[in-house]
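2 protein chains.
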Amino acid sequence: MQTLWEHRFAGRVNAMTSSAIREILKLTAKPDIISFAGGLPSPDVFPVEEFQKACDLVLSETGKQALQYATTEGYLPLREMVARHTSRYGIKVSPDNIVITSGSQQALDLIGKIFINPGDRILVEEPTYLGALQAWNGYGAQYVTVPTDDDGMRLDELEKALRIGPKFIYVLPNFQNPTGRTMSLERRHKLVELADHYGVPIVEDDPYGQLRYDGEHLPPVVVLDAKFHENGEEHYTGNVLYTSTFSKTLAPGLRLAWLIAPPAVLERFVHAKQGSDLHTSSFNQMVAYEVARGGFLDKHIKTIRETYKTRRDLMLKGADEHLPAGVEWTRPEGGLFLWVTLPEHCDCKEVLEDAVEQKVAFVPGNPFYPLGGGENTFRLNFSNASHEQLETGMQRLGQVLQKHVGQLEKA
Amino acid sequence: MQTLWEHRFAGRVNAMTSSAIREILKLTAKPDIISFAGGLPSPDVFPVEEFQKACDLVLSETGKQALQYATTEGYLPLREMVARHTSRYGIKVSPDNIVITSGSQQALDLIGKIFINPGDRILVEEPTYLGALQAWNGYGAQYVTVPTDDDGMRLDELEKALRIGPKFIYVLPNFQNPTGRTMSLERRHKLVELADHYGVPIVEDDPYGQLRYDGEHLPPVVVLDAKFHENGEEHYTGNVLYTSTFSKTLAPGLRLAWLIAPPAVLERFVHAKQGSDLHTSSFNQMVAYEVARGGFLDKHIKTIRETYKTRRDLMLKGADEHLPAGVEWTRPEGGLFLWVTLPEHCDCKEVLEDAVEQKVAFVPGNPFYPLGGGENTFRLNFSNASHEQLETGMQRLGQVLQKHVGQLEKA
Numbered sequence: 000m001q002t003l004w005e006h007r008f009a010g011r012v013n014a015m016t017s018s019a020i021r022e023i024l025k026l027t028a029k030p031d032i033i034s035f036a037g038g039l040p041s042p043d044v045f046p047v048e049e050f051q052k053a054c055d056l057v058l059s060e061t062g063k064q065a066l067q068y069a070t071t072e073g074y075l076p077l078r079e080m081v082a083r084h085t086s087r088y089g090i091k092v093s094p095d096n097i098v099i100t101s102g103s104q105q106a107l108d109l110i111g112k113i114f115i116n117p118g119d120r121i122l123v124e125e126p127t128y129l130g131a132l133q134a135w136n137g138y139g140a141q142y143v144t145v146p147t148d149d150d151g152m153r154l155d156e157l158e159k160a161l162r163i164g165p166k167f168i169y170v171l172p173n174f175q176n177p178t179g180r181t182m183s184l185e186r187r188h189k190l191v192e193l194a195d196h197y198g199v200p201i202v203e204d205d206p207y208g209q210l211r212y213d214g215e216h217l218p219p220v221v222v223l224d225a226k227f228h229e230n231g232e233e234h235y236t237g238n239v240l241y242t243s244t245f246s247k248t249l250a251p252g253l254r255l256a257w258l259i260a261p262p263a264v265l266e267r268f269v270h271a272k273q274g275s276d277l278h279t280s281s282f283n284q285m286v287a288y289e290v291a292r293g294g295f296l297d298k299h300i301k302t303i304r305e306t307y308k309t310r311r312d313l314m315l316k317g318a319d320e321h322l323p324a325g326v327e328w329t330r331p332e333g334g335l336f337l338w339v340t341l342p343e344h345c346d347c348k349e350v351l352e353d354a355v356e357q358k359v360a361f362v363p364g365n366p367f368y369p370l371g372g373g374e375n376t377f378r379l380n381f382s383n384a385s386h387e388q389l390e391t392g393m394q395r396l397g398q399v400l401q402k403h404v405g406q407l408e409k410a
Numbered sequence: 000m001q002t003l004w005e006h007r008f009a010g011r012v013n014a015m016t017s018s019a020i021r022e023i024l025k026l027t028a029k030p031d032i033i034s035f036a037g038g039l040p041s042p043d044v045f046p047v048e049e050f051q052k053a054c055d056l057v058l059s060e061t062g063k064q065a066l067q068y069a070t071t072e073g074y075l076p077l078r079e080m081v082a083r084h085t086s087r088y089g090i091k092v093s094p095d096n097i098v099i100t101s102g103s104q105q106a107l108d109l110i111g112k113i114f115i116n117p118g119d120r121i122l123v124e125e126p127t128y129l130g131a132l133q134a135w136n137g138y139g140a141q142y143v144t145v146p147t148d149d150d151g152m153r154l155d156e157l158e159k160a161l162r163i164g165p166k167f168i169y170v171l172p173n174f175q176n177p178t179g180r181t182m183s184l185e186r187r188h189k190l191v192e193l194a195d196h197y198g199v200p201i202v203e204d205d206p207y208g209q210l211r212y213d214g215e216h217l218p219p220v221v222v223l224d225a226k227f228h229e230n231g232e233e234h235y236t237g238n239v240l241y242t243s244t245f246s247k248t249l250a251p252g253l254r255l256a257w258l259i260a261p262p263a264v265l266e267r268f269v270h271a272k273q274g275s276d277l278h279t280s281s282f283n284q285m286v287a288y289e290v291a292r293g294g295f296l297d298k299h300i301k302t303i304r305e306t307y308k309t310r311r312d313l314m315l316k317g318a319d320e321h322l323p324a325g326v327e328w329t330r331p332e333g334g335l336f337l338w339v340t341l342p343e344h345c346d347c348k349e350v351l352e353d354a355v356e357q358k359v360a361f362v363p364g365n366p367f368y369p370l371g372g373g374e375n376t377f378r379l380n381f382s383n384a385s386h387e388q389l390e391t392g393m394q395r396l397g398q399v400l401q402k403h404v405g406q407l408e409k410a
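Order-wise, the sequence lines are chains V and Y.
Residue 398 in numbering that gives the first Met the number 0 sits at position 399 of the first sequence, and the numbers go up by one each step.
Residue 261 in numbering that gives the first Met the number 0 sits at position 262 of the second sequence, and the numbers go up by one each step.
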């Protein structure tokens with residue numbers, strides 16, 4: 000039975016793209032399936048005991064403050080810690096540049112809320128993070144895509160796309176979701192230069208920046224941009240909005256992330272966030288601060304790196320051993336994902352059906368392409384699988400692909 | 000220095016109304032001021048020890064689940080508890096009708112996100128809850144206001160406003176924020192009947208429904224509406240979206256509330272929420288469930304009622320004793336607020352300046368009027384003040400008003 004509400008949905012809301020993935024994830028949640036489909040951190044590295052101690056401390060010493068309403072900007076000691084922590088990665092910011100958000104999904108949502116008019120074109124990597132598309136579809140965003148290779152966005156295509164006049168550029172330079180690719184230093188410089196030249200600002204999404212397992216750390220785009228806008232001020236006033244999260248380094252169940260913006264823009268975020276959820280849980284912010292402080296976060300990130308590096312290596316080893324000729328995959332230096340490309344004309348939705356029968360699962364690549372495409376690609380997650388699951392799962396996947404890629408070559 | 004972002008704000012974003020109140024609250028946060036300005040629950044009734052026990056239990060028994068990503072709909076045991084709990088207030092719903100939100104502010108934001116096109120008119124009580132205006136201004140909402148008296152919305156004015164063709168009606172029937180007024184049963188029935196007649200759906204915001212100190216509980220609008228749409232189904236499929244919260248009964252710092260909607264509409268909320276923040280903190284949901292279960296919430300609500308009833312009575316006693324002739328105020332049967340009306344032509348912003356000098360504070364009423372007005376009104380909060388503060392504060396307020404109302408009569 001329809002109610003009066005069904006006739007009243009806002010016009011700007013695009014068709015929802017979330018259902019496909021949600022249905023797949025439900026399918027793969029069965030206990031006997033080895034699922035590389037999700038994007039979850041491993042609960043093996045959640046610092047549960049530290050959380051217990053922190054909850055106890057926060058509640059016994061500052062319980063009344065932790066359970067009360069708080070300011071929209073976020074808990075000041077946590078913002079100060081974020082400022083210190085990110086400055087070590089070369090991002091010189093003050094707490095005035097930082098708002099704590101309810102996950103970086105909220106940072107993306109607030110960006111949509113504040114900046115996107117229906118029909119505005121957003122320049123994104125192809126493929127790009129699905130969550131950003133979900134956030135911005137609700138504001139009527141359109142997309143301009145820039146194809147990527149192993150060094151990130153292709154610069155010739157980027158310049159072409161910039162001439163279309165996008166509202167902003169969205170980029171995940173480190174171990175991108177979904178591809179695991181990292182943008183090269185040269186291209187980062189060039190991205191900032193071109194964005195400056197065309198007067199288009201940048202959103203930098205960096206959830207995995209601290210999870211590098213090989214190679215050299217590369218400066219975030221926000222750092223390179225600051226060079227172009229150095230003006231002696233103590234806070235950041237450049238053209239990049241930068242977001243990162245505690246979801247991959249502490250725990251996603253807290254819903255804690257942060258956004259860095261020039262103060263005048265940050266003020267809009269604070270107003271918009273006030274309208275969205277008043278503030279992020281004060282209790283969680285205080286608990287996360289207690290867990291992270293005193294050097295624990297740094298130590299803990301090292302543990303996570305070691306754990307995930309081994310898992311990535313096992314997945315790569317499995318791929319090398321079991322995936323048939325004609326199949327390509329990325330070799331990410333960090334993050335949570337591998338990206339697999341089958342011969343053209345392979346349909347990964349069909350492959351998935353077979354894979355689920357063989358008790359292994361992945362996420363088809365197509366939903367990460369905002370303008371369609373990528374039917375012959377899929378994403379594999381290695382962070383949330385045991386060593387045994389990685390070995391057995393890649394073996395099973397190899398058998399499934401053998402059949403599909405083999406069939407295709409015969410055809 | 001301006002960045003590229005400042006030129007790119009979305010057109011639909013109305014002038015922000017939050018700054019005024021934010022500035023006032025900063026002003027009144029000084030320790031020697033007795034502030035009746037906020038809308039905070041009293042930390043004296045936060046069940047801190049129960050939270051400690053619950054955190055410990057949740058982390059030691061289900062820590063890995065509590066710290067991991069979770070479904071957007073919310074923690075099923077909590078949704079089941081909400082369904083049981085609200086059914087006792089006559090709202091017969093299944094968990095399929097319920098999404099857990101990050102405070103009811105997020106429920107309001109999602110309503111805006113899903114339903115409001117720029118220029119859509121929303122029918123609201125005059126005055127109405129400022130947080131709803133803040134949520135919906137960001138989606139380009141316009142407002143149609145219906146004046147209120149001691150029984151809530153005036154029905155003659157409501158019918159006139161409905162003929163304008165609003166997108167939906169927004170109403171806080173119980174101990175409204177800001178006025179503390181309660182809509183009479185007769186008017187609730189008539190509201191549902193008129194809304195049905197004109198085909199306009201209703202948003203019912205009920206944060207304080209359980210905090211009644213005198214008089215009889217009145218059925219929420221969602222219950223009355225269900226009579227018009229009874230169709231034998233087990234879940235609710237009427238024309239009212241209903242939201243309530245744990246902020247006033249457990250603790251606001253958790254950011255936990257819920258929205259009740261027909262399943263087909265709820266699905267849209269789940270999609271929209273996924274784009275907004277993926278899900279509400281799984282840890283907080285599990286902790287709140289542990290605290291609330293086994294009858295604690297009911298017992299605790301009784302404690303809160305007793306505490307707040309005494310404070311309300313003290314504030315009313317203070318008003319009776321100290322406020323001068325020509326000043327009127329509401330006598331709320333529940334909730335957190337009293338509403339004061341001065342003689343016309345009094346400007347409560349000026350009164351506030353004097354009041355702050357005399358070390359007492361309130362929130363001027365004007366920001367609660369979406370179309371302007373209410374300069375001679377203000378809101379008083381009694382829940383977050385000690386007995387001594389209530390007595391001394393009302394005394395000080397009386398002196399300030401004496402001067403302003405007296406001056407006016409002389410003029």
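Worth double-checking, as some hints may not be accurate.
Any copy will do: because identical chains look the same in the list, a pair fits if it lies in one copy or spans two.
As the list claims (entries may be wrong) - Computed list of lysine to aspartate or glutamate pairs in EDC-like fashion (alpha-carbon distance at most 20 Å, straight line):
#1 Lys-301 <-> Glu-72
#2 Lys-91 <-> Glu-374
#3 Lys-25 <-> Glu-266
#4 Lys-159 <-> Asp-319
#5 Lys-159 <-> Asp-213
#6 Lys-63 <-> Glu-48
#7 Lys-91 <-> Asp-319
#8 Lys-25 <-> Asp-95
#9 Lys-63 <-> Asp-43
#10 Lys-316 <-> Asp-150
#11 Lys-308 <-> Asp-319
No lab work stands behind these hints: they were computed from the structure.
Ascending list of hint numbers which this structure does not respect
1, 2, 4, 5, 7 and 10
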